[in-house]
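S.K.: Line by line, the protein sequences are chains R, E, Z and Y. Going by the working numbering, the first sequence opens with residue 45, and the numbers climb by one from there. Going by the working numbering, the second sequence opens with residue 1255, and the numbers climb by one from there. Going by the working numbering, the third sequence opens with residue 116, and the numbers climb by one from there. Going by the working numbering, the fourth sequence opens with residue 116, and the numbers climb by one from there.
I should point out that these hints are in silico values taken from the structure, not numbers from a laboratory. You may find that some hints are simply not true.
[Unchecked claim] Cut-off 25 angstroms, straight-line C-alpha distance, at most; resulting in silico cross-link-like pairs (DSS-like, lysine-lysine): (1) E:Lys1756 - E:Lys1771; (2) Y:Lys146 - E:Lys1390; (3) Y:Lys117 - R:Lys164; (4) E:Lys1699 - R:Lys90.
[What the hints assert, rightly or not] Across the chosen pairs, the derived CB separations fall in these ranges: (5) Z:Glu126 - E:Gly1600: 38 to 46 angstroms; (6) E:Lys1441 - R:Pro122: 31 to 39 angstroms; (7) Z:Gln188 - E:Ala1263: 53 to 61 angstroms; (8) Y:Ala168 - R:Pro265: 54 to 62 angstroms; (9) E:Gly1901 - Y:Ala142: 30 to 38 angstroms.
[Claimed, not checked] Negatives, chain Z to chain E, calculated, CB over 12 angstroms: (10) Tyr121; (11) Gly127; (12) Asp130; (13) Leu143; (14) Val148; (15) Gly163; (16) Ala168; (17) Phe187; (18) Phe189.
A quick note: this is a predicted structure, and the numbers were derived from the prediction, not measured. C-beta atoms are modelled at their ideal positions from N, C-alpha and C, and glycine is treated no differently.
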Amino acid sequence: MLALPQTEIKTVRFGVVVFPGSNCDADSHDAVGTFTGAEARYLWHKDTQLDGLDCVILPGGFSYGDYLRPGAIARFSPIMKAVGRFAAAGGLVIGICNGFQILLEAGLLPGAMHRNQGLKFVCRLVNLRVENTSMPFTGKYEQGQIIRIPVAHMEGNYFINEAGLAELEDRNQIVVRYCNESGNAAKEANPNGSLGNIAGVCNREGNVFGLMPHPERVCDPLVGGADGRGVFKSIIISVLKNKS
Amino acid sequence: MELGTDRPAYELLGLKASEYDDICARLGREPNYVELAIFSLMWSEHCGYKHSRPLLGDLPTGGDCILQGPGENAGIVDIGEGLAIAMKIESHNHPSAIEPFQGAATGIGGIVRDIFAVGARPIACLDPLHFGSLAKARQRFLLEGVVAGVAAYGNCMGIPTIGGEIHFEDSYEDNCLVNVMCVGLVKHGDILKASARGEGNLIFLIGSTTGRDGIGGASVLASAEFDETAEEKRPTVQVGDPFTEKKLLEACLEMRDRRLLVGLQDLGAGGLSSSASEMASKGGSGIDLDISRVPLREEGMEPFEIMISESQERMLACTTTQNEVAVKNVCAKWDLDATVVGRVTGNGRLRVFNGEELIGDMPVAALVDEAPTYIVKPARPGHETDKLLPPDRYPQPPDLGAVLLKLMTSPNICSRRWVWQQYDHMVQTNNALWPGGEAAVLRLKGRRQGVALTTDGNGRRCYLDPRRGARAVVAEAARNLSCVGARPVAITNCLNFGNPEKGGIYHQFREAVAGMKEACQALGTPVTGGNVSFYNESFGKAIYPNPVIGMMGLVEDASRIRDHAFKDAGDAVLLLGAAEPAVDGSEYQLSVFGEVAGRIPDVDLESEKKMQLLLREAIIKELAKSAHDVSDGGLACCLAESAIAGGIGAVISLDEVSRPDILLFGEAPGLVVLTAAEADLERLLKLAAGVPLKQIGRTGGGRLAVTAGANSLIDLPLAQIKQAWETSLEAMVAGNGAPRAGDLANR
Amino acid sequence: MKAKVYITPKEGILDPQGVAIERALPALGFKGVTGVRVGKYIELDLPGGGDAAAEVDKMCKKLLANPIIEDFQFELVPE
Amino acid sequence: MKAKVYITPKEGILDPQGVAIERALPALGFKGVTGVRVGKYIELDLPGGGDAAAEVDKMCKKLLANPIIEDFQFELVPE
Ligand SMILES: Nc1ncnc2c1ncn2[C@@H]1O[C@H](COP(=O)(O)OP(=O)(O)O)[C@@H](O)[C@H]1O
Ligand SMILES: [Mg+2]
C-alpha cells in the first residue's frame, strides 16, 4: 500500500507495549502488521530492552485499571524507564489515548488530562485538523487536512497552563486539533472540552507524539475508514529516510 | 442469623419446610449451618431452576452446528474451519435496581466470565435494558447509572458493547431489567469444560480476595420479590473491578493456550459453593475444599460466609499437580492471587474443611441436580383476550404528521446514540456495522465471514399474549439479522418474569417458552443456553413477561452486508411481507392513546421464513440497497428512520384504506422496507416469486411525504423529523420531561 | 460557610482503586503500606442562613455520596 | 500510623466534576451553593519506622497527586 518496496518496509520495527490493562494493543499491532507490512512485536511492561526498535507504540486501554488517574501507575513500570531513554536517544514514541495519558504522567509530553467535560466516556468519530506535518508521525498528511478518526475515552480533556500553551503554539507542538467538517476548531466539535481543541501534541524534538484519537481503528475501510493509515505510513517513511 | 425471630433457619434462608425435609433425607441427618447455607443457595430458584427446569427441557437445543448446548457456562456454535462462537446472556436486574452502576458493571463482569470460562475470547457485549418512564427522576438515575456501569466495565475490559436495546414502560418502574449478552470466539480445540476430574488434581481459586459482598445474592436478591426490606438487603451490593477481570481473562486464556487446565469455572451466583459443586458434578467427581486457605478481604468471616460469598472477579480452575507451578507463574505474571483451595476426590461429595476440621459433607448430586422442581397450576390472566380491539375504539388523530413526530421522539423509538456513544463499541476493530441499525456485524480477522448479533425483547406484546409475543420476538431477532444479510443460526435467551409460584405468572412463562420453542423450530435457530430471572415483582406487581432473545447469525462475506439507510435518491422503496398492522400492543397505542390492550397479531412463521430467505438473497445478490424491519412505530417510523440514516427523503403513496393511521403506525410482525435501484427492480420482483413485495414509493428530496390516494397523510421536512428523533433521549435524561400519553389523541 | 465533605467506601465494600494503589506502591519503593482506601473529598461554599449541617447532610445523601456503598462525614468551617 | 491524604484541584483550574455538581444542586432544592471542588480522599496505613511524613509527602508527589493540576495535604494519625 505504500509506494515503497515491501522488503524495505519490513525492516521497520515497531514495538507495542502491553500493560496488564492495555486493550488496544492487538489493534495497534494489527494496524502495523496487517496494513503496512512493517514488523510489529509486543513488549511486556516489565521489559527493559528496546534495542533494534524504530518506533514504540503505547496503546490505548486502562494500563493499570487507571482508577487513580490514567497513566499514574503505568509511568512507573520498568518499560517506561526504557521508553524515556529510547526517546532521549531520538527513537520515535507514539502514545495513543491511554498511551498519551501515560506520556503526560511520565513527563515525556507537557500537560495533564482532566475528566471529559461531559463527565461521560465518549466513543465516536471526530474530525481532526492536522496542524503540523513537519514531523515523523504526520508527514503523509497535508497541512490543514481534515481527517476522520474515532475517540474513545473518559479523560481526554487536555490541560496546560498559559505559559505552556504559548510554548506549544510557538514551537508548533500542537499536532492535531478537533474541528468541524469545514475545519474550524469550533467548540461543538470538541468531544471532551480540551484546551484549544487540542487532540494531540508532540515534544520539542518532535519524536514523541501523544494523541487521544485512535488512528489504529481506522486503517481498514471495512470497519470505519482508512484515515488513520497516514500516521503509520508517515512513521515508516520517516524511519526509512533516516536509515538511508 | 437474624435475631428476634423464631422462624427456623431454613426459612430465613428461603427454603420451604418440605425442602428442608428433603435435604435431611438426602443427608441422612439434619444439615449443620454451613451445609444449610450451601443447600439454600444451590436450591434457590436462581441456581436450582426449580420452576423452570421442566419446561426448559422442551426447548430445541440440537443442530449440526451446536458444539455445546445448555448446561455449560456458555453455548458454543460451530462457524466452520475450526472456529466457534460462544454466547450467553444473563440478567442482573435486582442488583441494578438497588445500585445501578455497580449492578450493571458486575452484570457485565459475570457474563464475561462465563464466556472465557469456556475458553473463548470475548469479542462483544450487547445490553438489553428496560426501565420505567423517564418522566420520573429515579428512572433517569437508573438509566444513567446502568449505562455508565456497562460502559465502565466493558470499556475497561476492551470488549466492545455493540448492541442491545432500551425500552421504557411503567411496568419496569420498580424492577428494571438489565440483561447482558456476551459473545466470544474460540478454536474448537481450545474449548474448556467446567469439570473437575482426576483424583488428586488441584482446585485453584484465582483472582480477587473473598469478602462479605454479595452474601446471599442469589437466594436473597434473585429469588424473592422486592418489598420494604429491599433497603436492608443492601450489604449484598458488589463492586466491580474490571481491571482485575481483564487480568483474569488474559491469565485464563494464557493457561488455556499452555494447556494447563483440566477444567475452568467462573464464580458467579452461589460463589464457591456453586462453582465447586458444579465442577464436581460435571466431572463426575467430588471435591474437598479447605476454606481456611481462601484469601479473605475481611476479618472474622464465618465459614458459611466464605462458602457463599459472591465476591466478583474470581475463577476456579482444576489442574494437575504437575502444572501447579506453571499455573502460579502465569497468575503471578498477571499479578493475580492463585491459591490451591481444594482437591478432586472420587467420592462424589462436596466436603468442606476449615483447616483440619470437616465442617460440611454433602453429595454433589443432591446439590446440583436434585433441587426439587415445581409445576404450578397455570391461570390465564384476565387481561388476555382472543379478540382484536374494535377498529373504532380509538378515533384517528387529525394530524398524522404530528403523530409521527411524537412517535419519533418516544423514548422507545428515538435515537439511542446518547447510550452507545458511552460504550467503546469499536475496540478490537471488527465492526463492519456500527450501532444504531438492525444488528451488529463483526468481521472475523483473516476471514471473509462475519458474525451478526442482535437482541430483542418485547414485554408489552408478551403481556398481551405471551405465546404470540415470544414467537414474534424470536422472529424479529431473525428478521433483524436477515435485514443486514445474515443467516440466523442460534439463540441464547434471558427469561425475565414475575413470581412463578403464582398461576398467572406461571402461565405467562409456560406460554412464552412454548412460543419461543415454536419459533426456534420453525426458523431453525436452536437454543444454546440462557438464563431465567424470576421474581421480578415489587409490592406484588410483576413486570411484563419478557423473554429476551440474543441471536447470532452469519454472513459469508462481511463486506456484502446492508444497513437500513436510504442510499441514493431515485431508488424504489418497497414493502416486503404481507402482515396486517394492528393498533393492539403497538407503540402508537401506548404513546398516543395511553393504553396497552387487545390482541397482538401473530407471526406466520412459514411466510416469515420464506420472506427472510428472499431478503438475504436480495442482499447477497446486491439487489437490495437497504433493508429495515417494520417494528416499533410501524411503517411510518421505519421509513423515517431509513430516511434519517441516509439523509435522503422519500415520497410514498399507499392504497386508500379506512384507517390510514393504523396502516402507518400499527404494528405486525413480518414486514420489511427495502430500497432498490430502478435498474434492479425487475430482477428483484422476479426473485420474489410468491413472496409479497410491492413498490410503495421512491427515495429523494428533503421531505418525507406520504399520500393515500389523493390524501396527503404526512408531509414533513426530514430535518425536522431528524431533530426530534436525535435529541429526544438526551433531553429526557436531562429531565426535560418525557412526553405524556394522551395529549395528541385529544387534540 | 464552607463545608468539607469526606466520602469513603463503606466498610466491607471492595475498593478497587485502593487495591490497585496498594499493589503499585511496593514497586515504587514504598513497602508495607496497607489498608489503602480511596474516597472523595469535596469542598463547597454554602449560602448564609438556614441549618447548614442539615443541608449538607441532605446534599450528601441525595447527590454527593452514594449511601449504598459509601459513608460520608463532613465539617463546617466558618470563613 | 494512619495517613489521611486530601487531594484537591489546583486553585483556578477547571474542575469538571465540581462544575457538574454545582449545576445539579439547584434542581435538587439546594440554592446558592458555589465553589464546589471535587478532590480525592485517601487513607492508608503506614508500616512503623522511618520518617512517616517524608514518606507520605513523597508518595503524594510521585503517585497520588498530579502536581500540574492538583494540590495535596495530609495528616498523620497515630493509631
Ligand atoms: N432460558 C434458558 N434456556 C436455555 N438454557 C438455559 C436457560 N436458562 C438457563 N439455562 C442453562 O442452564 C445452565 C445454568 O445456568 P446458570 O445457572 O445461569 O449458569 P451460570 O451459573 O454459568 O451463570 C446454563 O447452561 C444455561 O445455559
Ligand atoms: Mg458460569
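S.K.: Run through the hints listed earlier and report the numbers of any the structure violates, in increasing order.
M.R.: 3, 4, 7, 11, 12
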